[in-house]
Amino acid sequence: MATHPITLTVNGSQRQGQVEPRRLLVHYLRDELGLTGTHIGCETSQCGACTVILNGQAVKSCTVFAVQADGGQVMTIEGLAQDGQLHPIQEGFWEEHGLQCGFCTPGMILSTYDLLLKNPDPSEQEIRHALHGNLCRCTGYQHIVKSVQYAANKMKGAPAVAD
Amino acid sequence: MIPGEFEYYAPTSVQEAVSLLQQHGEDAKVLAGGHSLIPLLKLRLASPPVLVDIGRIQELKGIRRQNGAVTIGALATHADIEFSEDLRGVFPLMHDTATVIGDPMVRNLGTFGGALAHADPAGDWPAVALALNATMRLTGPNGERTVAADDFFVDLLTSAVEPGEVLTAVEIPVPQGKYGTSYQKFSHPASGYAVVGVAALVQMGADGACQDCRVAITGAGPKATRATATEDALKGQQLTEELIAQAAEQAGNGMDFLGDIFASESYRAHLVKVFTKRALLGAMQAAQ
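Residue numbers (the working numbering), protein chains in the order written: chain L, 30 to 192; chain F, -8 to 279.
Looking at chain F on its own, in the form it has when it is part of the complex (with noise of 0.2 Å):
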């Protein structure tokens, strides 16, 4: 399978590759690892004329911890954030989420940013980057700006990265005191997508009730969305493996569930709750 012919740069600064996407205009997708945008490109799903790789410029590379937040730089790849130390001591779900992706050698060149800006349905950081109320650092001709995590994702393949901007990086803030994270997934058996996953943060109070708590869902809709009414359920309260399984039950309340010959949108939604229900139990056990 050989993709359409394409006009290829490699800018080595993100100046540079903001100035030529802002040339090319809508002919030109950002390429960093590859490994959503080249089996598209031979399956000859997408055809743009330019491509602009990201993949060498340095600033986007690296995974850095100060003043109380994680950086994770926009062509980290899957592997970096799988091996480093550091991440995993702080958001084990980080570690926990990359080794659940693909395969090694996929994860040796897919990036994060990459899949963030995708916003595949099925992928699973979307999931991880709304539990952990990541900010993402886009780069565009009118300079820098930020965007919540809970405005990123809006749509089936639609991120909130406008044409011209690049994602440079992904700020997580990391909680103070008790806290704990835990991503779940029920992988499609061959692809090793997600059909459901769910990645929660439970924060807790001095006094042992849930201070905060962050629950997303991914898989089951067009776009990775929050279960508010189930994070509701549980702030303020002394948390059960009961009152947990109840709130579970509100996951996945008014969304848009998708269908397919693998999974129907009733099979989904029931999953949603089941995986709600275990990402929450290791979220807590996590943070005590």
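Chain L extracted, bound-state conformation (with noise of 0.2 Å):
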């Protein structure tokens, strides 16, 4: 089967790739470009585990082929910390312990991020219905709540981060 080229911006950085048009952007991320902090869970669009942000948005990287991504600008987990420091959301998963097991968060995170962007002040109510797509089976979502809340405070008039 023909392959096709490809050039994303993966966190910042060019990388270019051929690949089979099944190619599911998931695998393309952790298994060619070895970015093992997207998780695969359900593989069916349920769990949000494999959430990455996509020219801005979250979505499922699990229900993406990676020939669609062509040429956009993807960020994963790995993107968000810059030199060393914590992004505001990484920081509130781990000041109000938002993570037992740890294998939803990077999703968590990613998905809290795309809800920052479009609403930089949500509601208990809106974090809840903003994070609807995401499954933890570990903390029963109190905790992640209170680490949404503590990322949109620590961000509140601080400069937008970057893509």
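Derived by calculation from the structure, the hints in this document are not laboratory data. A hint or two may mislead.
What the hints assert, rightly or not - Residues from chain F that face chain L, not an exhaustive set, calculated with beta carbons under 10 Å:
| no. | residue |
| --- | --- |
| 1 | E(-4) |
| 2 | L32 |
| 3 | D44 |
Just so you know, these numbers come straight off a predicted model, no measurement behind them. We put the CB at the ideal spot given by N, CA and C, even for glycine.
Mind docking these for me? Both chains are given alone in their own frames, and the hints should help you get the complex.
Structure representation (structure tokens):
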């Protein structure tokens, strides 16, 4: 089967590859680029563990072909901390115990990133609505909501973070 | 889960897409947002040899309001609709419906046109398109044609889009005068799909009576369907809660109902009446 050349900007670096069209973005990121912070959970577009930011919005990378993302900008969890400094959302999850096993965390954090871009001051209900597509089987979500609130407070007035 | 092999094309114009579809005939399937198709490919419930990705066709994007109508490009995502203030001002139910589809990531990529063309019996947009009297614009090898929403949903997972055609846009007339809309949904607790969803549009005349109304049901049967007996019982009447409750009892008359382990046919038939009443009450209140 013919392969297609693709060029993606991933966490600020240009990456070129040659993929079969059926190659899912999540597999490309993990298996070809070694970015294993993007997790594979349910593989059926439900759990949100594979969430990445594609062209400025959160998407489930198990439900996108890498060829569809050709020419696009991708940010994975590895792209969030700058110069060894945790992003305020990561800091929020750290400070508020927003994780236990951590499997859902990259997806939770990137969905939060999408939320705070659209709505910098979300209510608790809006936070829960925004994280509707991310499943956590450990924490019962209370601490996750607090983590997002911590991040929103910290980011208020702070300059927007580049993709 | 890895889909079967396929050839992939990413045209940048509708004409190019149509000629690719024509060239590959029944082998080709259109890929838009991919949020119905890619799960089917991964489960290998579908294995089309050719995918024509229309996601890069700029002319299919955007939401425009002009000449008393709203035109929604087939590639407008659920999120585009959810966050369109302009659209929300004209049809609040478009916003309300978008927010109960899937989850934020699904809404960021899943498209309005894709959901309509896919004609999922539990999809939300088919009911809305019927209630709002939408017109679908299609382009195929023989040029453009339009199909009214009433003729668009043919059967389970079957819309009026012919092989070789692309759904390009959906046009929705903005009613004159006072009107209200509402979408009420009983969501499946796990999947979020509509077990039953009812969309309603109520238009009020100068005399305060119901000048026109349209009610459409999704989730309950193999395809989205109008509740015409309910509509007829309300047209020309001064609407009251009691009258709406009576009219809603006729919703679903003569319909084929689906049943599954979660909701039996008779339960869906019951839900149709309940949610028709709620949607009509919501639309009536919004019209006042």
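Hint by hint, here is what the structure shows:
1. E(-4): holds, 5 Å
2. L32: holds, 8 Å
3. D44: holds, 6 Å
Taken one by one, the earlier hints all hold for this structure without exception.
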